[in-house]
Amino acid sequence: MTLLTPSSPAPALVVPENYLNESFSLRSWLLTTDHKRIAILYMLSITFFFALGGLAATLMRLELLTPHSTMVSDDTYNKLFTIHGVIMVWLFLIPSIPTTLGNFLIPMMIGARDLAFPRLNLLSWYLFMIGGTFILVMLLFGGVDTGWTFYPPLSTSRVHTYVILTAAGVFVTGFSSIATGLNFIVTVHTMRCPGMTWHRLPLFIWSHYATSIVLVMATPVLAITLALIAVERIFHVGIFDPAYGGDPILFEHLFWFYSHPAVYIMILPSFAVVSEIITCFSRKNIFGYAFVAYASISIALIGFLVWGHHMFVSGQSTYAGLTFSLLSFLVAVPSAIKVFNWTATLYKGSITFQTPMLYILGFIGLFTVGGLTGLFLAALPIDVHVNNTYFIVAHFHYIMVGGAVMAYLGGIHFWFPKMFGKLFPTWLSQLAAITIFLGFNLTFFPQFVVGYLGMPRRYHHYAPEFQIYNVLSTAGASILLVGYVLPLIYLLWAMRYGPAAGPNPWRATGLEWQTPSPPPTHNFEHIPIVARGPYDYLEEKPQNA
Amino acid sequence: MNRTFQLFPDAASRMSHQVDHLFWYLMLWSALLTVGVAGLILTFAVRYRARPGHRQGFLGPHHALEWTWTFATLAIFLSFFFWGADLYIGESAAPAGAMEIHVVGKQWMWKIQHPEGRREINELHVPVNRPVKLILASQDVIHGFYVPAFRIKQDVVPGRYANTWFQPTRPGTYHLFCSQYCGTEHSAMTGTVYVLEPADYAAWLAGMPTAVSEVQAGAQLFVQYSCHTCHGQQAPTLAGLYMSRVPLSDGSTVLADEAYLRESILYPAAKIVAGYPPIMPSYHNQLSEEQLFALIAYIKALRGASATQPATTPPGLVGEPPTTNPTGNPITNPQGIP
Amino acid sequence: MPEAARHLPPTLAMQFEDPLQQHEASTLGMWTFLATEILFFGGLFVSYTVFRLAYPETWHTGSHHLLEWAGATNTGVLLASSLAVALAVHFAEHQRRTALLLSLASALLLGFVFLGIKGIEYHSEYMEQLVPGINFNPAHDPSGRLQLFFFFYFVMTALHALHMLVGIGLLGFLLYHAGRGHFTVPGANTNAVEIIGLYWHFVDCVWIFLFPLLYLVR
Amino acid sequence: MTQSPNTWHSTRRPSSGLLIINFILLLVLLVLTIWLAHLDLQPYNGLLALSIAVLKTLLVALIFMHLGFSTKVTWVFALAGVVWLGIFFALSLTDYISRGWAPRMDNISPAIEFIPPPPGIHSHPVVDQSENPGPPAHGSAG
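Each protein sequence line maps, in turn, to chains A, B, C and D.
Quick note on the working numbering: the first sequence kicks off at 631 and runs consecutively.
Quick note on the working numbering: the second sequence kicks off at 213 and runs consecutively.
Quick note on the working numbering: the third sequence kicks off at 582 and runs consecutively.
Quick note on the working numbering: the fourth sequence kicks off at 26 and runs consecutively.
If you are wondering where the hints come from, they were derived from the structure by calculation, not from laboratory data.
Predicted model only: the values in this text are computed from it and were never measured.
For lysine to aspartate or glutamate, the following DMTMM-like pairs were computed, each having C-alpha atoms within a straight-line distance of at most 20 Å: (1) B:K318 / A:D705; (2) B:K483 / C:D722; (3) A:K978 / B:E278; (4) B:K318 / B:E397; (5) B:K483 / C:E638; (6) B:K318 / A:D704.
All chains, please: the whole structure from these sequences, using the hints.
Below, the structure written as structure tokens:
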């Protein structure tokens, strides 16, 4: 976007006051209402939880090297995959891009000084940390072994682990999600700067708007469902366990009404990141702006109509199965549209392979595989065969790790210079991106094969003929681990020792690049006035960096 | 099974081949799309890489192209749906004349009852080429009955019956897995399915001469729990009940299938038969799932009896008289099971 | 717009350009929150419907155990409190401090009356041994299904009462600030009165549905 | 309806008179719903009670909550929750309502030899229904 009012100050020798050096006390961080500082707080928190969830995954993969129990007991194994799921879903993937990149960038991209409700934003982080603390306490007490899906009557009447504490943690974290989503929705509606019409919004904003709809509309149902699980465990009466006259399938409906849309909470923000990065590094306008924008919204809406495809073998009626299958194929169409549009964006571009772009090209490939295997799962008879096998595990890891985590890392690399004003080492980061791509495929592709062979998920012991694939998978996981540790090291290094980035090292067009790096506390000296749509790379003029 | 390396699973039932055909159809399209997208990305990446003298072009909106690929993908996806739906509907009901086997899942084993009385744990013996219908119940939590070689899977939810069926086409031994996480030893809740030639199956069935058939077991329970002291007198007779339409006290009718029989034993007050006092006690928490199966098998076996005593059957109870021979016994065995 | 600054009421938050923008943000924020509340209660309403369709007779029986007069009175009490809150918004916007205080106080009082009547009901149900998980007497219904009706009754009304408690707290907050005249000085920011009013009306609407769904099952 | 002197919003607001009329209407509807509940209008009792509840909610939303005086955006926000609740209901109940329609495994003769029943079932004649009238349905079982 071109500003009528240029706001970038002339380069100065001393570091100008910005959101990072404005004050240094712990209190100034813990009581901050600055969306940028809250984004940093979130980033630190979810990195910690990602490491924790990754540790659980590492232990599982090591255990699965052999078909029989070698390292951990049945109970421990069950706790490991439960904890891995709970932490990765609610403490990493759901908050990942929205609360870090979204929090940091949404106000800047729409030309606002902050979100509409800065204090609510801080409250959201505190709720997240309280929920996270519940989960940590649960871990210290000895964990939980229901699976992240909490299916009753196992979760309500059978297991003797810390189900209520875990549910309480997720419940509280849910309100943090709701607060974030509400804040984003209201911000996008009311805080756009003059001239920033809906059709001039960066696609980052469209995707986050769609994400927020899902956050706000789905999460409350999870909250009430988990509350009902807790009530049933405490009072030994309830609506899920057949022993009390309840219906376990009702739980599945309530749970997946949230948890399927939750998948879109994880992937829609990745779409946001991809659209920004792919345009920047091919120096092109996005192909089919309106289609990409409305595809996000339609994914958010249709995403609410497909939850029953998790229940094709649960005993729901044949007709419901058919309905949900049809709707699931429909929701795949807008995702396909996005992939086609991104590919077309490269056409006639001027493409550079900077680190963020490598992540994003990897994303498109992995997301395509993840999306297409989703079609196998929407096809009823194939789902009957592969439901609850490693085929599903591979499918959703292609979407969540190959998709969401790749996009998250790509986004972190893309906006790192903006957030911290520093550049990171190029070749090392490119090496890390390629390592992650290769390690990821080696980890999860064999799981498609072993899944179609019939290896059920959540299996501690497995049949010997599945071993070769598990060994491959574990080998890939160790490469993946290296790939994840590398950015952690060099980004921390670059935060301190990296060369200064300047306001716009990638020569990108968004409003966020028109402020200094790191940005000043209230983002803009003057609220900008926008006169053009996003991604006008063609008319770009050389900018002073 | 027992192989150390496999790339594609055994296909040992009629359905498995049909599922695999659909699988390869999706595979074909997926490969085309993946290769197409990846190929385009690589081509563009090379051809339009930034280099001295190269400048990007401008590409405006192209609605025709957008709508073309939107509707093309939609059409392809819908072909997946219709093919899948067709198979699924076919899969949802067992063909007439399938043999019925009762399966009870509990933490952490599969208990299987053959109508002839043989019982097995974590093993299932079936004859080749005969459709087999499984009626499944769970005693505690949700389990999943999964035989990869047959491409069938069915969650077994406590408190209700689940059905699935298959028609094995190749003798052999195949994995049986629990596919729904069910607690500590979930991964040990596995077993083996033996598909036998008919003669071997007959020999296997005869291998336990002392076995009490499920109907006989049910008959014994019927006496043991004193069901016979009321049913046929101040309570409705059960002869011919199965698959009839039962008039209820609220004026509606209900089909007396397995689910109804189960509910009426466990929660008799839920559906009161028209014209009878609601005096039956609940057998909730008193009968195991296996005992319920036996009782229901017995009640189902009583279906011909109504013809012998039409005068004593309350009017309307037998809405759809089952096909039976007039003497009431024995019912012809259509499948010729020994 | 930038040059309109520096003459704004002190209650305009930093991130907003003008009062209208802040007002729009706060009302849209509250409506969004109410949408989440609809879905929060929605999980219970969907479950309720599933079981009511499955066991209509049990629901009929269960409904007759409830005190219809209490439910009806409470509906009236809540409607009256909603009127009081709506008037409070009106008076705040017209800067009538005494009338604002009176209407807020009566809304608060009616909120307590509602909870008092609810307490009487809970007590009577407790004495009849109708509280699942605490003292439900299986003799009421050997099939165990009446317990489900009362499970819904208690969970739904308790969740509603919890919302009432929050609402009463918020009304107390308004009353405190109204007493100090914060809403009735010229140019004052009355958004708080309006959005807390929205919340209160929503809680009223939930009860409007709970009343026929629990007390009037025929 | 009056133009509010407040500078914090630009929309019109209901007058206090309208608020009071609305309240009276709500009370009338309350009395109506209780009265209808005591009539036997099966199977329409539930439907009527719910319709009145919807009507009451509409009155509260339109007038007390100013929705009738608000912008289109507010309408969209207010309706969103209801629409999503509708989705939730529609698709959950799709399953529950169609459970009974599933293709059934009817008309299968059991592949079981007929076993003569134990004594006590066929040997005793069934007592005639008229001699043994049962009490009305849902009493407790013995």
